[in-house]
Every structure is written in C-alpha cells, then in structure tokens.
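Enquirer: Sequence:
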Amino acid sequence: MRGPLALVALLALAGPVSAADLAIEVDGVEPGAGRVFVALCTGSLAEEACRIGQNGPASGPSLRFGFTDVPPGSYAVAAFQDLDGDGRLGRTQLGLPTEPYGFSNGAGRRGRPDFAAAAFRLAGPGASLRVRLARALPAR
Numbered sequence: 201m202r203g204p205l206a207l208v209a210l211l212a213l214a215g216p217v218s219a220a221d222l223a224i225e226v227d228g229v230e231p232g233a234g235r236v237f238v239a240l241c242t243g244s245l246a247e248e249a250c251r252i253g254q255n256g257p258a259s260g261p262s263l264r265f266g267f268t269d270v271p272p273g274s275y276a277v278a279a280f281q282d283l284d285g286d287g288r289l290g291r292t293q294l295g296l297p298t299e300p301y302g303f304s305n306g307a308g309r310r311g312r313p314d315f316a317a318a319a320f321r322l323a324g325p326g327a328s329l330r331v332r333l334a335r336a337l338p339a340r
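Residue numbers (the numbering used here): 201 to 340.
Hints were generated in silico from the structure; no laboratory data involved.
Each residue gets a CB set at the ideal place from its N, CA and C atoms; glycine is no exception.
Treat the hints with caution; some may be incorrect.
[Stated by the list, open to error] What follows is a list of derived Cβ distance ranges for each label pair:
hint, residue 1, residue 2, range
1, Val270, Leu294, 29 to 39 Å
2, Thr268, Ala339, 31 to 41 Å
3, Pro325, Asp284, 17 to 27 Å
4, Gly266, Gly306, 17 to 27 Å
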C-alpha cells in the first residue's frame, strides 16, 4: 500500500493525540493578601501568549491549581500574587516587579525571564510542577 491511502492507514493506527492534565503547586504565597494568578504560556512569556489561566485567593502559603485537557506541547508557567487587587503584576518605573512572582524552572530570578529557560514539555497525563513566588524588591 503506497501513497495517500498508506498515510491515512498509518494515521488511523496512531490514534488521536490525547490531552493531558497538569497540576501546578505555587509556593511562597503571602497568605491573606489578594489573589494568586497562574497562566500557561506558549512560545513566549508575553501576556498575549499566556491565555490559559486560573486564579484563586491567597488562602495559605501554598496553593494548588489544576489544568485539564491541555494539548501536548511546550509550555511555561507564569505566576504572581496580586497584592493590590488590580489584576496585574505591579511594576516600578524601571519595570521591576513590586509583587511576588515566579516562573516554571525558576526562570527569571537573575534577570529578565526567558521562555526557553522556563519551558517544559507536556507530553502525557498526570504531569505536575512547582513554582515558587518571590519578591524582586523588599515589601514596603
């Protein structure tokens, strides 16, 4: 069997690509202050590339978020604690974060965050990872 018919037969045998579930544990939360936002980013850490997200109240020092039916691929996680309730990561005039933030793989701790440094491959069900929030500047 050759040609297009052979390709169709091979694709049918391969079966569908299944989506995965991903659990994200966010540590370093300042309990009782605002909400924690977590987003899955694709290809970049820019806001427009981080469209799959969740948030929850900062009720304890660690929060767990669950994402279901995430297509396999390369992702990065961006998280922050919104202390002032404006729904955005606060920044100084120089662009330094004024609220706790974190990325997968600990990226962005020593300089501007980079997607490649934060990226991980989501290939199968039951994946989990941990993101630690920290402040770039001391609390005021």
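Enquirer: Now, for every hint given, state plainly whether the structure supports it.
Expert: Now the hints, each set against the structure:
1. Val270 and Leu294 have their C-beta atoms about 35 Å apart, which keeps the hinted 29 to 39 Å range intact.
2. Between Thr268 and Ala339 the CB atoms are about 35 Å apart, so this pair conforms to the stated range of 31 to 41 Å.
3. Restraint check, Pro325 to Asp284: a C-beta distance of roughly 37 Å breaks the suggested window 17 to 27 Å.
4. As the Cβ distance of Gly266 to Gly306 is approximately 21 Å, the hint placing it in 17 to 27 Å holds.
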